[in-house]
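Protein chains: 2
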Amino acid sequence: MSEYKAPVRDMRFVLHELLNIDEHYAALGLEDVNAELIDAFLEEGAKFAANELAPLNRSGDEEGCGFDNGVVTTPKGFKEAYAKYVEGGWPAMGGDVDFGGQGLPSSAGIAISEMIGTANWSWSMYPGLSHGAVATIETHGTPEQKDTYLPKLISGEWTGTMCLTEPHCGSDLGILKSKAEPQADGSYAISGTKIFISAGEHDMAENIIHIVLARLPGAPEGTKGISLFIVPKFHVNADGSLGERNAVACGSIEHKMGIKASATCVMNFDGAKGYLIGPENRGLNAMFTFMNFARLGTAVQGVAHAEAGFQGGLRYARERLAMRALSGPKNPNGPADPIIVHPDVRRMLLTAKAFAEGGRALVYLISQLGDIVQKSSSDEDRKQADGLMALLTPIAKAFLTEAGLEAANHGVQIYGGHGFIREWGMEQNVRDARISTLYEGTTGIQALDLLGRKVLQTRGEALRPWTKRIHKFCEANAENADLKEFVEPLVRLNKEWGDMTMAIGMQAMQNPEYVGAASVDYLMYSGYVTLGYLWAEMAAVAQKKLAEGAADADFYKAKVATAQFYFKRILPRTAGHKGCLEGGLDCLMALDEEHFAF
Amino acid sequence: MSEYKAPVRDMRFVLHELLNIDEHYAALGLEDVNAELIDAFLEEGAKFAANELAPLNRSGDEEGCGFDNGVVTTPKGFKEAYAKYVEGGWPAMGGDVDFGGQGLPSSAGIAISEMIGTANWSWSMYPGLSHGAVATIETHGTPEQKDTYLPKLISGEWTGTMCLTEPHCGSDLGILKSKAEPQADGSYAISGTKIFISAGEHDMAENIIHIVLARLPGAPEGTKGISLFIVPKFHVNADGSLGERNAVACGSIEHKMGIKASATCVMNFDGAKGYLIGPENRGLNAMFTFMNFARLGTAVQGVAHAEAGFQGGLRYARERLAMRALSGPKNPNGPADPIIVHPDVRRMLLTAKAFAEGGRALVYLISQLGDIVQKSSSDEDRKQADGLMALLTPIAKAFLTEAGLEAANHGVQIYGGHGFIREWGMEQNVRDARISTLYEGTTGIQALDLLGRKVLQTRGEALRPWTKRIHKFCEANAENADLKEFVEPLVRLNKEWGDMTMAIGMQAMQNPEYVGAASVDYLMYSGYVTLGYLWAEMAAVAQKKLAEGAADADFYKAKVATAQFYFKRILPRTAGHKGCLEGGLDCLMALDEEHFAF
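For the protein sequence lines, the chains are A and B, in the order given. Residue 1 is where the first sequence starts when you use UniProt numbering, and the numbers rise one by one after that. Residue 1 is where the second sequence starts when you use UniProt numbering, and the numbers rise one by one after that.
Read the hints as simulated data drawn from the structure, not as lab findings. Treat the hints with caution; some may be incorrect.
Put simply, identical chains are the same to the list, so a pair is met inside one copy or across any two.
[Said to hold, decoys possible] Within a straight-line C-alpha distance of at most 25 Å, the following computed BS3-like cross-link-like pairs (lysine-lysine) qualify:
no. : residue 1 : residue 2
1   : Lys578    : Lys495
2   : Lys578    : Lys484
3   : Lys177    : Lys330
4   : Lys578    : Lys568
Work the whole structure out from these sequences, hints included.
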């Protein structure tokens, strides 16, 4: 994807025209943040992504990371690009102003994250993981911890990691084994092995601050006996200078299917000095701050790979000549027609486009909710936004990464056999996308979170604000003939969604395993309807602009046409998921474990 | 997949119990072929696949092929395994007895192809492509050509290739440019560049026989001006010994997403001496012999990757401990339950299993039809089998490779983050599977072949024998209470399939582009129903065996349970495809090419 061009026009559409981000900032009392500032970020971010990061995407994949006796080397150009990123002040956008950050709301940076990630997802993992460490220390750190670590993490001079996973446990953190022994000086000696630590070791920054989950001696078993620790790679002296190396080292890096330029490290903690952050045994709660952030970041990855699949596919579909249109030649003077004339090629392109643009709307909306949670002075608003964010985050994470993977595969498919060849970058897009449905909680884990924890544990209360919002939109536009094609199916699906939820709830009361049987189809269904609603909203905005005679009519017409495509050719997939879900539990549990294979 | 174990029990079930292969051979008058012989092949093939090929699968992927100045080196052990394969007489199974072959029908080797391919798809490409060259020479060669090339191709001492694709054309062979200039000695000088030539050059065999598509001077434009040529790497002297090197050379090998141990060659023909095979300008017709064969071979690849995803996923799901079952601990003495207790993990496993076993039934059935086409003395039987084979081949190729790719992805997903790590082999299974929906005609091309050429051009005639067969099965079992859960939905879908076909035909009369708009959803729908029918047949066989009190009851119970899973949790996907298909054409064509992106 060395030819990535950030879809700035569409980003502006979502931020300004769909989400009215200017009014939103005003309502939050954020006087310094406005449309002009956001647009300036978009322009600069687009340049940085296209000029500095996209050119390193394929070379980074080819070269991968080096490992030699604990030292990790990032691919050529990565370090220099990171230095420019720090120099440009990008890492500090969202950081606390008391520690050198710009204090911008989350929505101000979301498009930048998307651009950077689409241009080069591997590269984006290095600064991306720092956000989690920053958020954790900002929220749970002592004043001293904040003073010690935040300024350099926020400036980007240092980076951070989140050390959760161990060889025997990922999703099931309750069984983790790493230990923290209290020391006489109030610190802790951390021992254990952590795996899959992104940016655990690298050559881009002078220090790395690890946030590590471990158990105190005698801590309760399970998730209620896990504490959180700060473990710096190099100790930090009282004057802020770097001291000795801590007893934490990278044991090896993983050889992976994709995101090969992102160093995925095995980290060995060998009595490393660490500092408790937050209360004892409450580490997993503190970690949720970060996990929601990371899940939204991974949802962005879904959008990124959909956009990359779309842009790459479109480029080839315009250039490649093969066959004649079934209705007669469209390029009569050439040897064949460009493949973009063929309906099935268009179907694949439009699918990728609809996922990218619809996913963008969903992710940016969640980041707007995040602003309210972070910055609103109204308890009620914060509570509402938090609830909706909790509902939409697993949908966005799982549905958009599945959609991104599908779109990336369409990108390959459009190229035919050439899509399988590394040179074109489309297969890398699939390989890089493949991790997104796995890490930060697999699709299955997100689906259990959505259906089990969020929806059913609240007896549907968590779902209601969203279905109500959809209902209100449909009601408000019931008489709008131009929107009928969207509103009618949406009314039906919104009701069906509620009914289906109720039916699952009834079944789950009989047998809790039913939740697991229904979860992934339920999540996918929820994702299709959620994106359907956002596409209807976008079509409504575009139609309004067209009615007002706005310039840029082609853009708005394309928006309406893509919404029509989504409703006609994507949204009917809900019927398949509903049918499969209703297939129920029994057929999944019938086979004894030893009778799966003979 | 170094731990591949051929599913011999299931292969025997399909061949003997579902397809009654013994009676079938008797009916064809093939006295030397019977169940015992087939079983002996299965046992020996299973050993060869597990012991010789599976251990080279991951090392082959890691090492890839080497290229140095026209010389291609296959990964360590490939050459030796090939020598054993030749020594074992495997290449000769299907070959003409007049040229050293065993003359076995196609169904006798299909399970062997599956085993070899599942153990190591890359390796299987080398002998696999030879079949196409053999079939082409057997069918279209002169007696002299047969004498010269067949014995050593059939023994496996030489291998063959099919040289179709050029840099500017793959699916659209009508625009190919390679040239054949007649020479005074009756041969032709072949010039041009061919790409994506599997096994175009390698170190396993002493000679390589290329079958090449090229144009004679003054040939008509398009597909009706293409002729077929035999171009040996080394000329063959009158006494059968090898002569000088021909002017054909490998210019480079491709760097690909997967099947890295299969050499995908750019072949440069620089006035190479070639020999016309078949009539002038009728090369593409001759090529169809091969293409159907190759498409069935690629359908096998779908089964292979589904089986590999299933076997790998099952192994991990039994071992990996994470979380407790929602209904309470199933492994109370361990720290967590094995993940096979979780319904969604089972859903993924059963999906892979249902695709692998259902796909196996479909592929073996097609090979049985192939036997009839090849060996039957009845014109009517041959014609019928040929017609059904023509209908089912694009379904099997496209649907099973899509299903195989899905199942391979489930294999990764079951492993969570570990699935992304090369060590486990699951990500390789996805990368290797990815080519299968692309080569030998993409899914889109197969779908056009099915819906446009096969179904609509015959006004549905080509579809009828198959829907009629399904109808008859349903009718015959209408009163069978044990089969009701299969027969009822099948009756409904079989009718819906016909109605949908008619509706598409009506639309296509208005606008031929509608075919392209409907084709892929139509193909996927057809695939789900086709596999549904085969699963119902398999359930019927299994229930009969259970009623008879057969030993091996667990096997038959698992078969019924998997059929139930397929009907409950997979077959409802048809509703999604039907809905999307009915979304129609207009929304695909609305956007002008220049308005896809802004």
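Hints breached by this structure: Nothing - there is no hint that the structure violates, so all of them hold.
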